[in-house]
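Undergrad: Residue numbers (my numbering), protein chains in the order written: chain A, 1 to 308; chain B, 1001 to 1580; chain C, 2001 to 2323.
Among the hints, erroneous ones may be present.
Claimed, not checked - In silico EDC-like pairs for lysine to aspartate or glutamate, Cα to Cα no more than 20 Å straight-line:
#1 A:K124 with C:D2142
#2 B:K1194 with B:E1183
#3 B:K1084 with A:E217
As the list claims (entries may be wrong) - Label pairs and their calculated CB-CB ranges:
#4 C:N2170 with A:R49: 56 to 64 Å
#5 C:L2288 with A:R269: 47 to 55 Å
#6 A:Q55 with B:T1324: 25 to 33 Å
#7 C:V2117 with A:Q55: 40 to 48 Å
These aren't lab readings, by the way, just hints derived from the structure by calculation. Beta carbons: idealized from backbone N, C-alpha and C, even for Gly.
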Amino acid sequence: MWWYVAKRLLQTIPVLLGATFIIYALVFLRPGDPIVGLFGDKPVNAATRAAIEAQYNLDQPFIVQWLLFLKDAIVFDFGQSYSGRSVNDLLAATFPTTIKLALMALVLELVLGVLAGTLAGLRKGKLFDSTMLVVSLVVIAVPIFVFGFVMQLFFGVKWDLVPPTVGANDSFKNLLLPATVLGLISFAYVLRLTRSAVAENLLADHVRTARAKGMSEGTVVRRHVLRNSLIPVITYLGTDLGALMAGAVVTEGIFNVNGVGGLAYDAIRTGESPTVVSVVTVMVLVYVVTSLLVDLLYAVLDPRIRYA
Amino acid sequence: MSERQPLLEVRDLDVAFRVNKQDVPAVRGANLTVHPGQTVAIVGESGSGKSTMAHAIIGLLPGTGHVTGGEILFEGKDIATARKKDIVALRGASIGLVPQDPMSNLNPMWRVGSQIKESLKANGIASGKVADRRVVELLEEAGLPEAQRRARQFPHEFSGGMRQRALIAMGLAARPKLLIADEPTSALDVTVQKQILDHLDTLTDELGVAVLLITHDLGLAAERADHLVVMYKGRIVESGPALEILQDPHHPYTQRLVASAPSLASQRLSSLEHRAEVREQAQRSAVQVAAVGDEAGAPPDDVITVQNLSKVFRLPGSSPFRKTDFLAVDDVSFSLRRGTTTAIVGESGSGKSTVARMVLGLLEPTSGTVTFDGVDVSDIGSRADKLALRRRMQPVFQNPYASLDPMYSVYRSIEEPLRTHDIGSSKEREARVRDLLEKVSLPASVMRRFPNELSGGQRQRVAIARALALEPEVVICDEAVSALDVLVQAQILTLLNDLQAELGLSYLFITHDLAVVRQIADDVLVMQNGKVVEAAPVETVFESPREDYTRALLDAIPGGSIPLGVVEAGDDLPRRGLDD
Amino acid sequence: MRDLMPGQQRWVAALAETPLKAVDVLDTEAPPESQWKEAWKRLRRNPLFWMSSVLLALLAVVLAVPGLFTDADPTFCQLSDSLANGRAGHPFGFDKQGCDVWSRTLYGARASVLVGVLTTLLVATIGIVTGAIAGFYGTFPDSIVSRLGDIFFAIPLLLAAIVTLSIFNNLNPDRGFWGGCLAIVFTLALFAWPQITRQMRASVLQVKNLEFVDAAKAIGASPRVNLLRHVVPNSLAPVIVTSMISLGVFITTEATLSFLGLGLPSSVVSWGNDISAAQNLVRSGQDLSVMFVPASALAITVLAFILLGDAVRDALDPKAGKS
């Protein structure tokens, strides 16, 4: 077991290195002089320029810049943005909100998706199943920001059930609408996954054997169909938290949430490379950690997984 | 017998599946009676409706299956029309099931013990700690050693035989009056099969449980059951006392079945005299080949010689960075005489298929040599020479559903070897494919068809035609008939035998089934755990086996000891191929 | 021998009722049918397939000759028409700039669908090649491909696309129609290939252990021939299905990027641009229909591709139902 965990941890190292390298490379490729941007139209004297270049390691070759970034990132020190603010502070101000938002979305999609998916799978071909199928398809087909605007307009503005924008107050009630919108697509995927897994497992040999034991249909479904069907859903969720945090770029924009998505978006537009690289690194880290957790959970759920 | 009220009575049962809004019958007008404590067997090939009948009785017909007529009386009450609640109450407590495939019938997510406990709980027999203790007793009763520890394990930690024992414990947990055993051992090795069936026999005798045994194996059915029911294409063709049917079958189908069953004291398909001719012919053609190849002297008598062949697989070990060596084949030596058949027999894990793959050059041996016609195969360097060797040695594999590329038409499949070796123009190749199809008794019109349209036996014929396309001297059959129904199996064996006589082929025949060996082999190699335990001519192995293991294998052949009546083996079987 | 029990007397069915058939006969009458033909037969019976086919056929006509459905010029805009209601020749009215909504939606299909189709083709090509190599050859090539896939998979697609596209934007903000489309295609493909690679690899791993591959080896077919003729064709089915579904997803992703201001250049008529241009109208509750028309067109197109993918999957593998 411990060897399995250690091995999985070791596997995450090249992923983290590679992902930061790619982002670093992309940011580096971005044309334009950050120092010029920093001072606006004012001329920059050579000495100041040299000092700033040294501060951000801009005088170093690309690979060295990346390695220096890594050296600090290992102890979670992401340095300063070009505008002189601590990136750690920026992250601390925005990250908790986004995590809260993403987790709410995750719980919503998981609970509703599994519930609806199970019922649809059990009633395959019936009205409820067809309805759910149409709902999931529409959710996948319509761009998420369209849903965002429409739901904001109706729930927030016209019916005034929840505040249309969040602003500085990231309370549960305020985040409910953006979390719903954020989790919508994943909800559709969870529903589809659960539905087909349940329908497939219902036909499994061991389910027939369970029925032959004289167990009631409810018990058979609960003990032998549901648990087995959760495996693909769990696998999906492993990659989903990372995707949700990235998706927050859109949702946070619509609902004016002060989160990491907005931070990343602004940083990309203004060429704040240190911030961009840091945000993406943290997101990759979240992805890596959740998929590790999910792998462990998976091993608990499915005894067949070998810790070797 | 005092009790005359039957436990189960099936009357004029019709079962159908709904396909495209139409009822397609699967069982028609079936009658069956089981008395308390009795063992009744339903025998039939795949698709005969025997499993459908079993599932109808326990009310678990899959998918769109439903009873369309007749009645199923359990202790006098009709359960075909009973309410769902009443059937659920019957299941487990009155009718138990031991399903077919031990691999898929246990839920991989739950401990074995808890899955047996479910049966106790569902039928209100025991719960909590009492039930846990009972589970261990049940597993012990089913013949599982260390039951206490095993109950806490998961199915994947069990071998096939152990799983089957767990399923038996499960089926008997609520002490049903009737146990439906649906091919309970067909996925297991013969020796394990025998142990488990023996155990099941004793157990059901002690408990007075009636058993409805579903099987494809006539020998096994006759050995285990009092009463026999033979099914064919959804209908019962014959029923009666087991021995009587076996020794004096009336219906032509039963006669055919008895004649083809390999387990029932079978003999070599062709006579000894005939065999000598085959060998001579093979020798002659080999001399011709040698003469063309401009080599002096007669070729060696042994076309393939294997010396001290070993294969070690490196498997990931329990601790990091360490691999454990697994010796799959351990110092195997044998030779294949020209024009004869050498069979390698063994149970799963014996290394027999690994040997075949190494001889075929699909797998690199760890040590030892394979010599083909006097030349060490590993010395052959050039691609041209390697191709030349491939031409002289071809395989036929086990699984008829995987041995042909589903995207290739029959024509392309058989033509592929010719094309690969650049033989003939496209016209000549087509003529050759026609010729090959005729050799395996398939109509030429089959050329344009695809594997998905063919039955298992027909696919194996195509695979044989493909193997013969390059006019090889040696054909390696890796379980080539194991997946086929008995009648089809008998046909293919006859075909292989005839082809050997006609073309002077030498066969290396890999199989788990000793009964088949007797029909086809000249020499036998018995393997166990990677080692050869006995190597001898086929008569010696069957008449006076030296080793205990060989004897155990022979004893385990179901029905092997049943004396047969007047049936002439192979009498009404088509000698070759397909009559109309 | 035991006594005969009631109901268990010797019984033999009449031969007339149970005629004996020859063993293993081949039906020579039936027309030959490959598995593709069988799949096609199943597909034909599926109403969802026909629904998506009709929609896609309609879409193809719109792509080829958008002028068939409207006389209005999508780029002819008059501020005097701003947000005007529909009138003859302009069924869905005008947007804020006074451009004809219906005409822009028809002409906008080209860019959106082109991005979806090209991205899918590129992703499928990369995925199939790398997945087949990784799965078939194993060892070193497999490690390289799989680790690279892990790395690209770990970076969130949307964020990576924003970063990459902002580079393109900085280099040359107005890239024109083709420049704009290709920039998005390459960006999405760069980060979306691992999914297909993983699927193809798994599929190849399964197929390469089947016996017909061994049989081809025994004939003397080289590994390359074996891979191309036997393994790859038999591994493609799941990848084809996923590609059809992801085609729709790429179209919505393009729209999302446009919403973020990083999609196609604003000079290009596209659904994404029109939908995001209408966002303020919706936000203020001023006018829903300006967004509704292009958004519906996009949703229906995506739906058609997903439905087609679902139907094809059901036809290829009637038992499975993975999402």
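Undergrad: Each of the hints needs a verdict: does it hold here or not?
TA: Hints versus structure:
The suggested pairing of A:K124 with C:D2142 is violated, with an alpha-carbon distance near 39 Å, which exceeds 20 Å. About 13 Å separates the Cα atoms of B:K1194 and B:E1183, which keeps this hinted pair within 20 Å; it holds. In summary, the hint linking B:K1084 to A:E217 is supported, as the alpha carbons are separated by about 10 Å, within the 20 Å threshold. The hinted window of 56 to 64 Å between C:N2170 and A:R49 is violated, with their beta carbons roughly 21 Å apart.
Checked against the given bound of 47 to 55 Å, the beta carbons of C:L2288 and A:R269, roughly 29 Å apart, lie outside it. The hinted range of 25 to 33 Å is not satisfied by A:Q55 and B:T1324, whose Cβ atoms lie roughly 55 Å apart. Between C:V2117 and A:Q55 the Cβ separation comes to about 47 Å, which falls inside the hinted range of 40 to 48 Å.
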